[in-house]
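Residue numbers (the working numbering), protein chains in the order written: chain H, 916 to 1521; chain A, 74 to 302.
Hints listed in this document are in silico derivations from the structure and should not be mistaken for laboratory results.
Treat the hints with caution; some may be incorrect.
Below, a list of computed lysine-lysine pairs in the BS3-like style, where the Cα atoms sit at most 25 Å apart [to be verified]:
no.: 1; chain 1: H; residue 1: K1037; chain 2: A; residue 2: K117
no.: 2; chain 1: A; residue 1: K283; chain 2: H; residue 2: K1037
no.: 3; chain 1: A; residue 1: K180; chain 2: H; residue 2: K1061
no.: 4; chain 1: H; residue 1: K1061; chain 2: A; residue 2: K237
no.: 5; chain 1: A; residue 1: K219; chain 2: A; residue 2: K292
no.: 6; chain 1: H; residue 1: K1126; chain 2: A; residue 2: K180
Here's the letter readout for the chains.
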Amino acid sequence: MFPPTLRAEPTARFYPSCPPRLRSDLVGPICFCVECHHRLSKTHAETLTDCPHACRAAMRNVQGLSWLILLVLTPHTKGDLSRPGKPTLTSCRSPEKETFTCWWQPASDGGLPTTYALYYRKENSEIMYECPDYFTGGENSCFFNKNNTSIWVNYNITVVATNRLGSTFSDPVDVDVVYIVQPNPPENVSLSVMEDKGWPFLRVAWAPPRKADTRSGWITLIYELRIRSDAENEWETHVAGQQKLFNIFSLRSGSLYLVQVRCKPDHGFWSDWSSPSQIRFPEYFHQEKSAWIVTSAVCAFIFLIITVLLHMNHGSLKHCLLPPVPGPKIKGFDEQLLKKGNSEDIFNALVVSDFPMSWSSSSNSEDLLVELLEVYIPEERETMLGASKDLGGGSFKTSDSDSGRGSCDSRTLLIDKCGRPKEHEDGAEERVEREDWEDARDDTGGRTWPSVFPGLSDRPQRSLSDGLSQVLGPSEGQVCKQIKARSDIDIAVSGHKVSPARWSVEYVGVQAVVNDDMVILQPWGSGEGCTPPLSSLQERDYSQVKQVRSDDTLLLLHKVSEGTADGREAATSFGNMSQKSATCMNSTAATGGYVDAAAVFPMTTY
Amino acid sequence: MTGLREALWAVLLWPCLLSTSFLLECTDQDQVIHPYCLSISQDKLLDRVMQHVELIFRVSEESCSLFEDIFVPFPLRLQRNQEAYACFTKAIPIPNSIGEVQQMSDKWLLHSVLMLVQSWIEPLVYLQTTLDHYDGAPEMLLNKTKWMSDKLISLEHGVVVLIKKMLNEGLLTTSYSDQGLFRYDMQTDMVESVMRDYILLSCFKKDSHKMAIFLKLLKCRHTDNSNCA
Chain H
916 MFPPTLRAEP TARFYPSCPP RLRSDLVGPI CFCVECHHRL SKTHAETLTD
966 CPHACRAAMR NVQGLSWLIL LVLTPHTKGD LSRPGKPTLT SCRSPEKETF
1016 TCWWQPASDG GLPTTYALYY RKENSEIMYE CPDYFTGGEN SCFFNKNNTS
1066 IWVNYNITVV ATNRLGSTFS DPVDVDVVYI VQPNPPENVS LSVMEDKGWP
1116 FLRVAWAPPR KADTRSGWIT LIYELRIRSD AENEWETHVA GQQKLFNIFS
1166 LRSGSLYLVQ VRCKPDHGFW SDWSSPSQIR FPEYFHQEKS AWIVTSAVCA
1216 FIFLIITVLL HMNHGSLKHC LLPPVPGPKI KGFDEQLLKK GNSEDIFNAL
1266 VVSDFPMSWS SSSNSEDLLV ELLEVYIPEE RETMLGASKD LGGGSFKTSD
1316 SDSGRGSCDS RTLLIDKCGR PKEHEDGAEE RVEREDWEDA RDDTGGRTWP
1366 SVFPGLSDRP QRSLSDGLSQ VLGPSEGQVC KQIKARSDID IAVSGHKVSP
1416 ARWSVEYVGV QAVVNDDMVI LQPWGSGEGC TPPLSSLQER DYSQVKQVRS
1466 DDTLLLLHKV SEGTADGREA ATSFGNMSQK SATCMNSTAA TGGYVDAAAV
1516 FPMTTY
Chain A
74 MTGLREALWA VLLWPCLLST SFLLECTDQD QVIHPYCLSI SQDKLLDRVM
124 QHVELIFRVS EESCSLFEDI FVPFPLRLQR NQEAYACFTK AIPIPNSIGE
174 VQQMSDKWLL HSVLMLVQSW IEPLVYLQTT LDHYDGAPEM LLNKTKWMSD
224 KLISLEHGVV VLIKKMLNEG LLTTSYSDQG LFRYDMQTDM VESVMRDYIL
274 LSCFKKDSHK MAIFLKLLKC RHTDNSNCA
């Protein structure tokens, strides 16, 4: 179909069915109301019989006025009158795909009052229609309402400019309503500052334009927003897609920001930007703790280094960073001697005098725990004991010497209660034992014992004995007899009878106190110090051995019954056990039930 | 001489010839003003009609469920596959099974759609009036039914244009709404009225779905898209 060629020829197709006083002109069903050039579409003309009254009246006025003007202006403008210039259709727009509006631009009017009319034709149809509404869209516009708008067909639109001398037609334009959609700007643009874990951000929300039917899906809109701060000139654009919400991060605190939003349908034009919304971003100072910690740590470290460098001189810095290699710390090791190269001297120097049982360099932890039980012998032996006091005391005071007397010279703790009834018999026994003791004593190595039984008494001098008395309790029987006998040996006094009232004191090495009743006794070691010497008197009870728990443990009764059977048995067992040991045991084997503290401790190798 | 005349005519008319070459149907473009773009292309038209029908179907679904929630008590609700209720459009000779549908020609498909559209225009107008009489009918429901009514009228135009374009037929003058398939009488009983309207909405929902399927099938035939079965 060719577009109709519109020519201003009166002989163009005309429809003779116009009512009287209305003339047809141009193409299509147009009837002129000649008086006021009011154009009517054919459908309208069919109902009209005459021009509208108002039109006629106005026309008269206009005509009169125009004649007057012409009279006035005739000498000047006579030659300039002409037909109107060619108008042009500038644009057609539909805000919601249901109605649309077209605008045109008039050209020169040729000096005469000119009227404009818009005609349209639907695709594949010959019928020409005139614009139904010239006013809604404003000046030089034509508004097509819902009933006149169809998305199924193209519209062919023409604008005609007419004055007294003739008409001029614009170029026709084809319009497809779907492609001319330009929505109104989004509405209700709201700005709010929100917080995300202490960091504030800007949230922009908006609503689609009221007329656009996005809810049913008739139009699908995509949105775009732009933002700039008050101080800048450049806008920053963000595409929001179909959502109606957008978050903007990384904005400067304290600034004033302007935001605008616009939208566009799938096929169509971008709307105008919405009116700018303002918001001031609040001042904030984020307490970023980790950053502060790192910063302060680094500063402190730098400060420290600077201080160190300033205050430390070269030597000490060198000493601090590169400490000297320590030399050997062998006792007796003499570097000078080594330098001299005399090997004999070196080795002699290395030999430690009190090896291996030096108390100061005690390597064996077991030895440290040696505590002695003081056994007190009865009063008769007091003199003997007294004589030995010095020795015992001396040995107490000093650390071990090579004489090997240390342990044996000290006081014993075992208290002998029953020395009294046996005094007659004991003498002989004791003498025998004495010799043994003496022999044994000589063999003792340099063993000492810890000074105090901790925490058991408040009398420092007799602390050991006191402690032991509490631990051991009184004991009777054969034990005391033998202890008494033992105690005699150390006393370098001959034939002194032990009074039953007196107590003899012997020493036993105590490793640990288990309960009130149990004491773990310490073996003396390689036959040394196995015969504790007898020393001072003290009125104490002595303990009876109840049983031997192991090779090391001796169970002593806190209160021993009068019967000596148990004691004997215990002593016997000990005596048997003691056979296993070395020198100590041998000395006690003959005694039978005698509990030799020293003999109790079999030789155990460590 | 005749050759010369023809040549002269050709020379004189060469602008016309040139212009005719541009008078093809428009390809898809976003610019609106193209003087030589005469009419909307067939594919575009078909797409628009399909979108139109799908929108109508979606809104009909929403309306039906809204009406159901508000007015229809639970025991009286229609189940999805229930064929117990008869739609008045049963009388229209439309294929109901997929097999039948696939055998239909383009012409028959389009005419079926047109028949359906035309037969529903009047009942929807009627539905609007009855819903106004209900107490407690929400604004949204009324707006939806009005929307559907308007769009259906527009759809009719579209289908007519499509038929004209695809089948090169002239304008159809017969309107199926005149055949009076839809008969209504004012029911005084509220429950009866509600049930009738409920069935009406459900039928419209079904028919609009049917229309969408027909058009989709038509589309598949005319494109090389392998997605269509």
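Starting from A:K219, check that the Cα of A:K292 is at most 25 Å away, please. violated (29 Å)
Could you grab the alpha-carbon distance between H:K1061 and A:K237 and see if it respects the 25 Å cut-off? holds (23 Å)
Quick one, are A:K283 and H:K1037 close enough, alpha carbons at most 25 Å? Between A:K283 and H:K1037 the Cα gap is close to 30 Å, so the pair fails against 25 Å, i.e. violated.
Between the alpha carbons of A:K180 and H:K1061, is the straight-line distance 25 Å or under? violated (30 Å)
Assess, step by step, whether the Cα of H:K1037 is no farther than 25 Å from the Cα of A:K117, and give holds or violated. holds (17 Å)
Pairwise hint evaluation, A:K180 against H:K1126, where the allowed Cα distance is 25 Å at most: Not OK: H:K1126 and A:K180 at ~37 Å, beyond 25 Å, violated.
When the structure is compared with the earlier hints, violations turn up for hints 2, 3, 5 and 6 and for no others.
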